[in-house]
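Place chain W on chain C using the hints.
There are 2 protein chains.
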Amino acid sequence: MPRPSVREQLVDAAMECFHQRGFNGTGIQDIARTAGVPKGSVYNHFENKEALAAEVMDRYAVSRKLEMLQDEGLAPVPRLRAHFQYLAADLERFSYERGCMFGNFGTELSNQSDMMRGEVDSRLDLWTSAVTEVLDQAREAGTLTTPLTPGQLGRFLVNAWEGAVLRAKVTRNRAPLDGFFDVFDSLLA
Amino acid sequence: MPRPSVREQLVDAAMECFHQRGFNGTGIQDIARTAGVPKGSVYNHFENKEALAAEVMDRYAVSRKLEMLQDEGLAPVPRLRAHFQYLAADLERFSYERGCMFGNFGTELSNQSDMMRGEVDSRLDLWTSAVTEVLDQAREAGTLTTPLTPGQLGRFLVNAWEGAVLRAKVTRNRAPLDGFFDVFDSLLA
Chain C
1 MPRPSVREQL VDAAMECFHQ RGFNGTGIQD IARTAGVPKG SVYNHFENKE
51 ALAAEVMDRY AVSRKLEMLQ DEGLAPVPRL RAHFQYLAAD LERFSYERGC
101 MFGNFGTELS NQSDMMRGEV DSRLDLWTSA VTEVLDQARE AGTLTTPLTP
151 GQLGRFLVNA WEGAVLRAKV TRNRAPLDGF FDVFDSLLA
Chain W
1 MPRPSVREQL VDAAMECFHQ RGFNGTGIQD IARTAGVPKG SVYNHFENKE
51 ALAAEVMDRY AVSRKLEMLQ DEGLAPVPRL RAHFQYLAAD LERFSYERGC
101 MFGNFGTELS NQSDMMRGEV DSRLDLWTSA VTEVLDQARE AGTLTTPLTP
151 GQLGRFLVNA WEGAVLRAKV TRNRAPLDGF FDVFDSLLA
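Those protein sequences? They're chains C and W, same order as listed. If you're matching positions, the first sequence starts at 1 in full-length UniProt numbering and goes up one per residue. If you're matching positions, the second sequence starts at 1 in full-length UniProt numbering and goes up one per residue.
To be clear, the hints were calculated from the coordinates, so they are not data collected in a lab. For glycine and all other residues, C-beta sits at the position ideal for the given N, C-alpha and C. One thing to keep in mind: the hints can contain errors.
[Stated by the list, open to error] Derived contacts from chain W toward chain C, CB cut-off under 7 Å, selection only:
(1) Ala88
(2) Thr145
(3) Leu148
(4) Ala164
(5) Lys169
(6) Val183
[Said to hold, decoys possible] Using 30 Å as the maximum straight-line C-alpha spacing, the simulated DSS-like pairs for lysine-lysine come out as follows:
(7) W:Lys49 to C:Lys49
(8) W:Lys65 to W:Lys49
(9) C:Lys49 to C:Lys39
(10) C:Lys65 to C:Lys49
(11) W:Lys39 to C:Lys49
(12) W:Lys49 to W:Lys39
(13) C:Lys39 to W:Lys49
Here chain C stands alone, though its shape is the one from the complex:
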C-alpha cells in the first residue's frame, strides 16, 4: 500500500481533532502534531483552517454512504432504515462521543463563518434530497400511509436524526437513537 500523502495525513489528523475538540478548540498546531508534520507544512497544503475543514467535511460526507439510499435491492422504507442504522453503528464505534460532523460544525460555526454555514447547509440539503427521493419511491409504491408528504418527512427525519445524535452525544448511549427508530417505525409503518 502506498504511504498516505502529507495532505491525506493532514485531513485524517484534522478529522480526529475536529471530532474531539471542535473547530475552535483545535489549533493548526494540534493538527500538525497529530499528523506528525511541521506546522508550516499545513499551510503548504491548505490556505487556512476553514479550507482544511471543508475537505474534512468532503471526506466525512463520503463516509455517510449516501449511495446506500439508491440500492434498489431493498424496498424504500427498509432501505432508508438501513441507512440510519448504518449511521447509528458508526456512532456506536465511537461510544456516541463524536456526533455528526455536519451538526457539530453547523452548531459551532454558523454564526462565525458564512462560508462554513454554507458548506454545512449544502451538504445537509444534499442528504435531505437523497432521503426524500427514497420516500418518493415509497409513496409511489403505496407503502407510505402517513398524510405527510415525502418532502415534509424527509426534511423532518434528517433534522430529527441530527437532534437524536446530539442527545446521544450528551447521554453517551444509544437510547436517543433507539427513540428515533421507534418513531421512524411508527411514522413509516
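Just chain W now, kept in the frame of chain C:
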C-alpha cells in the same frame, strides 16, 4: 430600577458571547470587555469559565418557561404546542442565529468536559420530563391516538426540536421549525 450587580452584568455578557461565538470561541477577556469590567473582576465572581457557563445555563433555563407546560388552562396538546411556539418565537427574535444553548453546549463540550456534559444532560432530562408529563395528561384525557407511549414521544419531540433548531441555525430561516410543527400535528392530532 437598581443598577445590575457586576455578577449579573457578567452573566448577561457571557450569555451574549456564548451565543455568538460558543464556549471555546469566547475568552474571559471577551466577557469582561462586553460587561465593561476589568478582566480580573470576572475571577472575583466565578472560579472559571465553566462555572460562569453553568450560571448562564441556569438563566437560559428560566427563559425556556417550563412553567407554561403546567398551565392547566389549556388542554395538554395545545399547551405543548404553545410551548414550542414560544420557543420558536424566541429563536425568531434572533433571526435563528442563536440556536438552543443546551444543544450548542452539548454539541461543543460533551467531549471536552464531563461537568458541562452533565449540566446539559440534567437540564435536557428535566425538560423532557416536563414534556412527557403533558403527554401523560393527553393520554389520560384520551386525546393521544398514536400507539407511541408518552415517554417515547416526549423524548423524541425534545430531540427532534433540538435537531430542527440546529438546522434553522444553518438555514437561517424558520422552515425547519415549521417542519417540526407539521409532524407534531400529524403525530399528536
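Here's how the hints hold up against the structure:
no.	hint	result
1	Ala88	violated (14 Å)
2	Thr145	violated (11 Å)
3	Leu148	holds (5 Å)
4	Ala164	holds (5 Å)
5	Lys169	holds (5 Å)
6	Val183	holds (5 Å)
7	W:Lys49 to C:Lys49	holds (25 Å)
8	W:Lys65 to W:Lys49	holds (25 Å)
9	C:Lys49 to C:Lys39	holds (12 Å)
10	C:Lys65 to C:Lys49	holds (25 Å)
11	W:Lys39 to C:Lys49	holds (29 Å)
12	W:Lys49 to W:Lys39	holds (12 Å)
13	C:Lys39 to W:Lys49	holds (29 Å)
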